[in-house]
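**Q** In case you want the letters, here they are:
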Amino acid sequence: MNVQTQPSYETTIGLEIHVELATKSKMFCSCRVAFAGEPNTRTCPVCLGLPGSLPVANERAIEYTMKIGRALGCDVAGHSLWHRKNYFYPDMPKNYQISQYDLPLCYSGSVAIATESGPVTVGITRVHLEEDTGKSIHAGGRGRIHGSDYSLEDFNRAGTPLVEIVTDPDLHSAEDARVFVVELRAIIESLGVSDVRMEEGSMRVDANISVRLSGEAEYGTKVEVKNMNSVRSVGRALAYEETRQRAALDAAEALVQETRHFDEKKGTTSQGRTKEGSSDYRYFPEPDLVPFEPSAEWIAEIDASLPEKPAERRHRFMSEYGIGATETAILTTTRATGDWFESAARAYGGDAKKIVNWLIADLYGLLNESGQELSDTKVSPGRLAGLVKLVDAGVISGKQAKLVLTEMFASGKDAEGIVRDEGLEQISDTDAIESAIDAVIAANAEAADKVRAGNTGTLGWLVGQVMKKTQGRANPKMVTELLRSRLMR
Amino acid sequence: MPISRQAVDHVARLARLALSEEERDKMQVDLTKILEHAERIQTLHLDDVAPTSHAVPLHNVMRPDEVGESLSQEIALAGAPESADGRFKVPRILEEEE
Amino acid sequence: MSEILYMPATAMAAAMAAGELSSREVVAALLERAGGTQSALNGWLQRTPERALKEAHAADERRAAGKSRSAFDGVPVAYKDIFVTKDVVTTCASKILEGWVPPYDATVVERCDAAGLPMLGKANLDEFAMGSSTENSAFGPVRNPWNTTMVPGGSSGGSAALVAAGAAPWAWGTDTGGSIRQPAALSGVVGVKPTYGLVSRYGLVAFASSLDQAGPLARTVKDCAALLGLAAGHDPRDSTSIPAPGATDYLAGIEDGVEGLRIGVVKEFRAPEAGVQARIDEAYGRLEKLGAKLQELSLPSFEFGLPAYYLINPAEASSNLARYDGVRYGPRRRGEDVAQMMSRTRGEGFGAEVKRRIMLGSYALSAGYYDAYYGKAQRVRTLIIEELDRAYSSVDLIVSPTSPTTAFRIGERAADPLAMYLSDVYTAPVNLAGNAAISVPCGTSEDNGLPVGLQIIAGALDEHTMFRAAYAFEQDLGWILSPEGNPGNDLTAARKGGSS
Ligand SMILES: [Mg+2]
Ligand SMILES: [Zn+2]
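Chains as they are written, first to last, in the working numbering: chain A, 1 to 489; chain B, 490 to 587; chain C, 588 to 1087.
Misleading hints may appear alongside valid ones.
EDC-like, lysine to aspartate or glutamate: derived pairs with alpha carbons at most 16 Å apart [said to hold, decoys possible]: (1) B:Lys578 with A:Asp149; (2) A:Lys226 with B:Glu584; (3) C:Lys880 with C:Asp868.
Just so you know, these hints were derived from the structure itself, not from any lab.
Let the sequences and hints guide you as you build the complete structure.
**A** This is how it looks when you write it as structure tokens:
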């Protein structure tokens, strides 16, 4: 047999992530930051680039950027500067973007991720702050940029604070890149500084990817991949690109340095239309804004305000509450979910796994049906804990508890109130149960005889009859015990 | 050092300036002359001198994150050469965002 | 009538306060003068007579009710048409902004409104303030009232000519490399470039942001001090505005004289035109006679100031002017696609000088050239600042000619941009350092009878000392445009003779 050695390749990926900050006002003016809405209703001389207007930096946006930087293990620059990035585009009111260049706010950080092949540390080159552009709608054609007749510009988004995070080229597979994006999103989400919704564009991921023969000193030809609009797309687009580049190398075809766009439907990338060599941004220090030099106290304050890191929280949940990895992953998708679970677990005080079950199996089911988020629901952590306590105390059965939860979800009332109002308390009063049993035995003498003869199957049937008689409110355990002592001893 | 015609063409494209042939010719001559005058700063050895980008030594000028008034859509669009559906209308875009 | 036209603003305010003069009378006289001199000078781009009269009326009523907004309530003003004015067309003398009606006011305009100054109109300028002659206006050149075949200087040439011709008591201009001081010198009026950051740049259409500064032009030093005082001070809308600039009443202590002041004479700055240098030398002698201690001062880096300035200003301008693209405001030229539309709009909308600066600036910032040009110019800037800082340890003020020459003929330097740029040789270094400077008239040249200006430079925020010296000099020289001696009377006399 003739064994051909397959060439072994190495993939190198670096990411550039843009995150819109959830400040109240824009980066350099006081227009409101919001999603969608009537076009051109949130603009002013500054964010519309009217002659004579001047920018003034939003303090909270700077604070949020430093938070992100510190959460990613970065240093905050003692002296940082704004630069103008000059290029013409109709969605950019001044035809330059106020951004940062060689002196970004934060630099040199790292993020640890757990991949299939083990832990990987991804270097963070820089975290800087800039302003977002407006939004173009391409009219005519198919609503796409190519083949359109004209475009329409809305500047509501123009000037929204935008953080750019650049990683070192430390990722070596599409899957690792996807895992990194998930982790980065969780970290930023935990800080409460952005919605980080890729689908709405508040988080945007671009990638530089190249493939080379293992052991080669030089990187392969770099391709920039854009238009990945979900976490899943990041994985798919980069996997496609990795395969495409390897195939090209196998076939000894030359790769070109270019920008490629991911097509969600086809699952492929295709060449963009940016003219190569045209990007000469003529960066220079923004004369309208002065340098930024944060005090050590401010940085210390920011450090003190940072929440538990998502990775730390996952480990803690597993060890502290004994929850499995799958459930932990669900409970830590957002900081709010984790907080919700923890306050429910604390209010309950018993085995937290019960809370996990009620939350994931039951409450999430109701949320899914109604299309709500955990943050929208009327069920508070304390109320869910109260419900589970009622079950533990035997006041209601597990089955009844599900009905109570449904009612709680609809009305927002607490469990005790619902149980009382609906008359759901279990009958645990021996006399009341005895009288029901008397009636059932009298009406079913034959069955009672069978039980007396030792037929346990019929005992179950008699229990059912008593439950029926009490509209399910009798404590089933007590009914069984009482029937047994009456007929089988 | 004279400025090449290619440099003039490149910069005109970068700066989005439609220039006639005559304008390009004159631009080449003028820019060369002005930059020759500027050449005298090349004789200075300034590697140890820090650049100055701002005339006043201020830092950390910020505004609180507060929402103020915006312009109405009508006023925002008042100066627009062309608009439609509450938006600024522009001819088709051939190049993608850089 | 003529008495009103050449009355200093401070005197107008006093006469109004004494009940001897109304704001309406002043505005009416000035509006007539404005109409009478416009065809000869072309100093105005927009006149706002109805608004001026309405505001004058309101000012008179406020005064009658004892509710004047300031000591200068009712004294009218003109703005260089680079100040954004709400509801009043603002063009920067460019076709690219033709017909633009701003939805907001510049801070300077807002503050002058708050002080009760009626707006007479918007003064002509070099397109986007790029020039030293006011020939680069898309709406025709401004002429010097001293000789209408001559330029008034620039770029605030409209403001300077109007003040010299008695069509406005005072006016706002902007100075990026000499654009207030040089036209003041060439037109025989006083002009001030304040410390960078003293007057808000909000609503001042940007030319070169790190150098631009708004300032007053008037016929007397006190008027300049007063007008500056009305608008100076911190503005939270301008990040480069100095937070605590100290007292802004520049009239306080202005009469304290120059006795004992140490004044440095820039050795390197000697005007090539003999008639200019003769007046400058006389001025130095006069300051010494008044008790100032003059000493020669060498500022070797200043030689590199102009080349550095002519790299930094086009670089910043190339970026500041990128927004004029035919998308949000201004006229548009058709194009097949957006890039072509923008290129045509800009190619046809901008004048030759503006295009030259955009090209030069884009080149100086472009890949491979930044370090040699823009980067190096910024280092020269540091040298100049350090040199001045050292100088201020031995002198309180620095003096030089404002301009190497008197007014030149219209068209004389139009074909040679470099010759035009040399007009700024003594003034531009001051902008690089952000210091304050004033140009004060020191008489006319014996060669041609045209005005000559003396530049007095002060350290950052030392406007008070600068005004003191300028006032002492002005009072001792006694050369102030008056109802008897002024260049404006000839203009209207000729016109009146022809028409009425
Ligand atoms: Mg970016
Ligand atoms: Zn805004």
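**Q** Are the hints correct? Go through all of them and say.
**A** How the hints compare with the structure:
| no. | hint | result |
| --- | --- | --- |
| 1 | B:Lys578 with A:Asp149 | holds (11 Å) |
| 2 | A:Lys226 with B:Glu584 | holds (15 Å) |
| 3 | C:Lys880 with C:Asp868 | holds (15 Å) |
In this structure, none of the earlier numbered hints is contradicted; all agree with it.
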